[in-house]
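> One-letter residues, chain by chain:
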Amino acid sequence: MAYEFRLPDLGEGMAEATIVKWLVKPGDYVRKDQPILQVETDKAIVDIPSPYEGKVLSLKFNEGDTARVGSVLLTIGGESAEVEEHKTGVGTVIGAGVPVQAPVAAPRVRKLARELGVDISTIKGSGAHGEATEEDVRAAASQKRPLIKEIGLAGEVRIVERAGAVPRTVRAVPKARELAKSLGIDISSVVGTGPDGIITVSDVERHSHATERIVEVGKLAKGEGAGSALEKVRHPLKEEAGKLIEERVPVKGVRKAIITKLTKSNTLAVQATAHEEIDVTRLVEIRSKQKIDAEKRGIKLTYLPFIIKACVIALRRNPWLNASLDDESNEFVLKRYYNIGIAVNTDDGLIVPVVKDVDLKSILDIAREIEQLAQRARERKLALDEVSGGTFTISNWGSIGGTYGTPVLNYPECAILGTGRIYKKPVVVGDRVEIRWVMPVSLTFDHRIVDGAQAAAFLMDIKRHLEDPSLLLVEII
Amino acid sequence: MHFHQMGIMVMGEVGREYGLVVLGGGPAGYIAAIRAGELGLDVALVEKGLLGGVCLNSGCIPSKMLLNASHLVSEMGYLSSIGIRTSAGKVDMKRLSSECQRTVARLRGGIAQLLEKNGVEVIEGIGRFESSGHMHIKEGKSSRSIRFRKAIVATGSRAYVPDGISIGGNIITSREALFLSELPKSVAIIGAGYIAAEMGTFFAELGSKVSILARSRLLSRMDADLVREVCKQENIEIYEGCSVKSVKGGKNVQVAFEREGKLGKVIAEKVIIAIGRLPNTENIGLENTQVRLDKDKFIQADYKGATSDPRIFAAGDVAGPPLLAHKAFMQGEAAAEAVAGIASAGFQPTAIPEVVFTSPEIVCVGVSEEEARRKMLDVRVVRLPLSAVGKAVSTNAQNGFCKIVHSPKGLVLGVHMVGKGVSELAAGACLAVEMGAYLDDIAGTVHPHPTLSECLHECAQLGLGKPWHYAIARKK
Chain C
1 MAYEFRLPDL GEGMAEATIV KWLVKPGDYV RKDQPILQVE TDKAIVDIPS
51 PYEGKVLSLK FNEGDTARVG SVLLTIGGES AEVEEHKTGV GTVIGAGVPV
101 QAPVAAPRVR KLARELGVDI STIKGSGAHG EATEEDVRAA ASQKRPLIKE
151 IGLAGEVRIV ERAGAVPRTV RAVPKARELA KSLGIDISSV VGTGPDGIIT
201 VSDVERHSHA TERIVEVGKL AKGEGAGSAL EKVRHPLKEE AGKLIEERVP
251 VKGVRKAIIT KLTKSNTLAV QATAHEEIDV TRLVEIRSKQ KIDAEKRGIK
301 LTYLPFIIKA CVIALRRNPW LNASLDDESN EFVLKRYYNI GIAVNTDDGL
351 IVPVVKDVDL KSILDIAREI EQLAQRARER KLALDEVSGG TFTISNWGSI
401 GGTYGTPVLN YPECAILGTG RIYKKPVVVG DRVEIRWVMP VSLTFDHRIV
451 DGAQAAAFLM DIKRHLEDPS LLLVEII
Chain V
1 MHFHQMGIMV MGEVGREYGL VVLGGGPAGY IAAIRAGELG LDVALVEKGL
51 LGGVCLNSGC IPSKMLLNAS HLVSEMGYLS SIGIRTSAGK VDMKRLSSEC
101 QRTVARLRGG IAQLLEKNGV EVIEGIGRFE SSGHMHIKEG KSSRSIRFRK
151 AIVATGSRAY VPDGISIGGN IITSREALFL SELPKSVAII GAGYIAAEMG
201 TFFAELGSKV SILARSRLLS RMDADLVREV CKQENIEIYE GCSVKSVKGG
251 KNVQVAFERE GKLGKVIAEK VIIAIGRLPN TENIGLENTQ VRLDKDKFIQ
301 ADYKGATSDP RIFAAGDVAG PPLLAHKAFM QGEAAAEAVA GIASAGFQPT
351 AIPEVVFTSP EIVCVGVSEE EARRKMLDVR VVRLPLSAVG KAVSTNAQNG
401 FCKIVHSPKG LVLGVHMVGK GVSELAAGAC LAVEMGAYLD DIAGTVHPHP
451 TLSECLHECA QLGLGKPWHY AIARKK
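Sequences listed follow chains C and V, in order. Mapping of the first sequence onto the working numbering: position 441 corresponds to residue 441, and the numbering continues sequentially without gaps. Mapping of the second sequence onto the working numbering: position 29 corresponds to residue 29, and the numbering continues sequentially without gaps.
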């Protein structure tokens, strides 16, 4: 009997992954849990272990190919799955012909199926006796996306409904239905933001806008134009008089994830930005002193851990800034944990590792963790749980340069803080002009969740704690 | 002051709204409330009578205390046969009842403590839905209305008494039968279910003359060969297939019935009506909600306890048969978790076990031999007498057997047992069925010696054709 090994969902609603390297070849004998291939997801390069033991029969993808979650990656031949029928010697043999439905799974597997919204009776189990295992349920769950957008070969967007999808009632105002119909939009693919999730006219408009963008991105990726605006860029390479004037780069990997994520953020959230200048003269003094001590302990102490601490205190006081809006259930999610994402620039693009539970960590702990995470981000060695679960993000462009900016929300988080370069400038202190160290900051927030007043109050809390770092002491755990 | 803080203050002034209101403090209700409390919900539990419901106050718990006592009495004969002569003495029903009440009260206190520790507010009163978001509560003479975001209905069930029979005097239900002040010389029990069977065992073991008037076969949902062992009990006369015509009260109650076209009658000091149970779905204002009932007046609820009203859940007896406390516990948990928005919430068992505390006891888990025959299932049945187990023989428990129903490949589909003390083996059998165990799994698990549990192991061994303590006839 041969087992088909399908690409599992490695987390956070991953849709596909690129096969980086096969670690086995047909004919190899693999043991259970032996790594069999490396895949690259939006976020990391991951080794995938074999759930089965047996001989590798065939590989279904080449290195460099992109595989969708749930597609068969390889087949492995197991031991003979047929259990020899034992002779009972005693006992009664009843009936014939009507096979008995085996219990489809153990209780914990059934629980997982409920959790992931999978109908367990539809799963073909891979267990020794055909029972469903946790892996089977996860694989089924990753295949079961009620409605997904697919970008077809020609760059068109298709709304694909998967078998076994959960039907949902679509509530929309009549005008929105009409508009969707006229635009050729499947109303069930629109996220409603009205009362109880009802779809409004503006939802349809927003959706239509987003769809167009995805089409454009998709067409760009496939090297095809979409209408007159894109007509000019039809061919992958354009040469004039033997000189290369354009180059076509496929959209994939980290860049692709960034495009999807930012498009979603810009489409769904209503973003507004507030700016502020913070006098960090005292912080500069403290940090330059502590830096030497930290260095002796092998830690590079930057301003970031102080900023993170100030943010956590401000988030605790302003819990709505640490919230998100669950568009599907139409509920706000107020998070009582503080996981701060740090935007890290890498050669492949921006990656946001997350420092977890920063409220429970010291400034030095955070400094050490940031250093390690940033290093691993640049090496593309981050594990999936190191880049997920954030509740608030900080983008420190000041380390490169620049003052104010407009950071884009790391959706679905409510807010993101951009910090500019710390520099000396004349500041009015009392009635005198003094030379002070200042740090410009920009806070983008989701106006659907909070209003300007709350965002300003939050920003003021950060400002106060960075201008007088002794306040940080008082708040420490 | 920050904007959002002002917002919270305003909310506080509007009034009391509970995250969850549980109506009914029985097994489903109190477990739901405890679980919801653990999950941090703001929970109120409304109970009009006593915490613990029928199960604790007038069902499972007191009846097991009585049955344990009567089982001990019934072993007097055995004791004297092995050289311990002691007189059985007199049965002081008043004392037995009050001890029973004391035990029940102690357990009830435990539930109250658990609820308190989990932050559940217990409201003693009669709750009635005014809408899908409001409940009216009558507390003694005063009354009030509370708001809730979600509610769980766990109002349980009560004994069904057909028209023409009125409870009172010597005509009683199982509820009153548990707390009699004197042992009746004779008892007639109308009913064929486990309550009728257990009541019969209790009174018969204490020496009452018992008649059971059953419309069908006694315990008809269970395999006949299991029930046959119970019917061997002394002091019990079972009239199967009879339809009761009238029940006339008085000092002695006269029950007239028709059986196989002939009329008959039984006269007894007490008559217990144990025909069935009805869900408590009336008078709780469900008509003011979107909750729908089925034709038998049970609430239509899914495996998460969700009803047709998105804000109201149901658990326990009201959510439909089987009417068993262990099912109610599981449903209570599932409903609380569903209310809290936990995705994995739900109760989807392979088997809900049934245990009857007759003498001997009966355990039914999963597919039975009779069900297999009826459905022509491709299964094997292996049966082991308890006399093959040393512990059973040495402790006067050799009467009875263990039966495993399994697929041709050995998948355990059902375990059915009858014998003294087998109720304690039920959980092991359930685990096997739920986990999808094969005969090899049971045979490969050490069952400690000497215990009665070895009957499961030996039965699996027998199913595999390699029994240790039981000889298979050799084929010639």
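Everything labelled a hint here was simulated from the structure, so no lab data went into it. Ideal Cβ positions, reconstructed from N, Cα and C, are used throughout, including at glycine. Be careful, since some hints might not be right.
Simulated DEER-style distance windows between Cβ atoms [claimed, not checked]:
| # | chain 1 | residue 1 | chain 2 | residue 2 | range |
| --- | --- | --- | --- | --- | --- |
| 1 | V | Gln300 | C | Gln372 | 51 to 57 Å |
| 2 | C | Asp326 | V | Ile352 | 32 to 38 Å |
| 3 | V | Pro408 | C | Thr122 | 50 to 56 Å |
| 4 | V | Arg144 | C | Arg317 | 43 to 49 Å |
| 5 | V | Pro408 | C | Arg336 | 27 to 33 Å |
| 6 | V | Gln290 | C | Thr346 | 41 to 47 Å |
| 7 | V | Gln300 | C | Leu334 | 55 to 61 Å |
> Confirm or reject the claim that Arg144/V and Arg317/C have a C-beta distance inside 43 to 49 Å.
violated (36 Å)
> Between Gln290/V and Thr346/C, does the C-beta distance stay in 41 to 47 Å?
violated (54 Å)
> Given the hint of 50 to 56 Å, check if Pro408/V and Thr122/C actually sit that far apart at their C-beta atoms.
Given a distance of about 25 Å, which is not inside 50 to 56 Å, the answer is violated.
> Is 27 to 33 Å right for how far apart the beta carbons of Pro408/V and Arg336/C are?
violated (54 Å)
> Please check whether Gln300/V and Gln372/C have a Cβ separation lying inside 51 to 57 Å.
For Gln300/V and Gln372/C the Cβ distance comes to about 55 Å; the hint holds.
> Does the beta carbon distance between Asp326/C and Ile352/V stay inside 32 to 38 Å, or does it fall outside?
Holds - the Cβ-Cβ distance for Asp326/C and Ile352/V, about 35 Å, lies within 32 to 38 Å.
> Please check whether Gln300/V and Leu334/C have a Cβ separation lying inside 55 to 61 Å.
Violated - the Cβ-Cβ distance for Gln300/V and Leu334/C, about 34 Å, lies outside 55 to 61 Å.
The structure fails hints 3, 4, 5, 6, 7 (numbered hints given earlier, in ascending order).
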